[in-house]
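Please build the complete structure, drawing on both the sequences and the hints.
Per our numbering, residue 1 is the first one in the sequence shown, and the count goes up by one each step.
Where hints are given, some of them may not hold.
To be verified - Within a straight-line C-alpha distance of at most 27 Å, the following computed BS3-like cross-link-like pairs (lysine-lysine) qualify:
#1 K50 with K66
#2 K2 with K108
#3 K29 with K61
#4 K132 with K36
#5 K66 with K40
#6 K6 with K52
As the list claims (entries may be wrong) - Per label pair, the in silico range of CB-to-CB distance:
#7 P70 with S115: 22 to 28 Å
#8 S115 with E22: 34 to 40 Å
#9 K108 with G62: 51 to 57 Å
#10 N123 with G62: 32 to 38 Å
#11 K108 with S73: 31 to 37 Å
#12 R119 with E33: 34 to 40 Å
#13 T5 with G62: 28 to 34 Å
#14 N39 with K122: 28 to 34 Å
#15 R8 with T68: 17 to 23 Å
These aren't lab readings, by the way, just hints derived from the structure by calculation.
Idealized CB from N, CA, C, for every residue including glycine.
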Amino acid sequence: MKINTKIRYGLRAMISIACCDEPKGLLQKDIAESQKLSNKYLDAIISALKSKGLITTYRGKGSGYKLTRPANSITMYDIYTAFEPITVVECLDNPDFCELECCCNANKYWSEMKSEFIRILKNKTLEEIAVKERPCIEILHN
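In structure tokens:
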């Protein structure tokens with residue numbers, strides 16, 4: 001299983017936003033700069049996070065992005081699924097994909113693996129990750 005770059009940078013953007021103490025939020029250019037991303041690439045990431053309802057734009061001049069709810073109520077599952085569904089193998093999500101689905105012994109293993117991965121993602125909050133990241137972000141901004 002490989003976690004794609006949009007998920008990884010989506011998490012990085014969420015950490016940056018969670019660690020921002022500015023009342024008007026964090027500007028996209030500041031996220032792009034701190035994460036070494038192009039604004040164009042970050043546009044797609046921001047769009048996915050907004051569509052999932054994880055961040056919002058603070059209104060007004062010089063405003064940026066804020067979390068829509070406390071970081072302790074946003075999980076890694078929320079962030080991951082903003083970009084793609086949890087897929088371990090195609091046959092779990094689409095039983096018609098494989099003719100052997102009815103008698104496949106590996107299917108149970110893949111199902112357990114998917115369930116465990118989801119459990120891990122749901123049990124790790126953005127706050128838990130951001131708290132450990134804050135010293136690194138402060139170094140980058142100074």
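Against the structure, the hints come out as follows:
1. K50 with K66: Holds, at roughly 10 Å.
2. K2 with K108: holds, 21 Å
3. K29 with K61: Roughly 14 Å separates the two Cα atoms, so the pair holds.
4. K132 with K36: Roughly 20 Å separates the two Cα atoms, so the pair holds.
5. K66 with K40: holds, 19 Å
6. K6 with K52: Holds: K6 and K52 sit about 14 Å apart, inside 27 Å.
7. P70 with S115: 22 to 28 Å: holds, 27 Å
8. S115 with E22: 34 to 40 Å: holds, 39 Å
9. K108 with G62: 51 to 57 Å: holds, 54 Å
10. N123 with G62: 32 to 38 Å: holds, 37 Å
11. K108 with S73: 31 to 37 Å: With a Cβ separation near 33 Å, K108 and S73 satisfy 31 to 37 Å, so the hint holds.
12. R119 with E33: 34 to 40 Å: Holds, at about 35 Å.
13. T5 with G62: 28 to 34 Å: holds, 29 Å
14. N39 with K122: 28 to 34 Å: Cβ of N39 to Cβ of K122: about 31 Å, so the range 28 to 34 Å holds.
15. R8 with T68: 17 to 23 Å: With a Cβ separation near 21 Å, R8 and T68 satisfy 17 to 23 Å, so the hint holds.
When each numbered hint is compared with the structure, no violation occurs for any of them.
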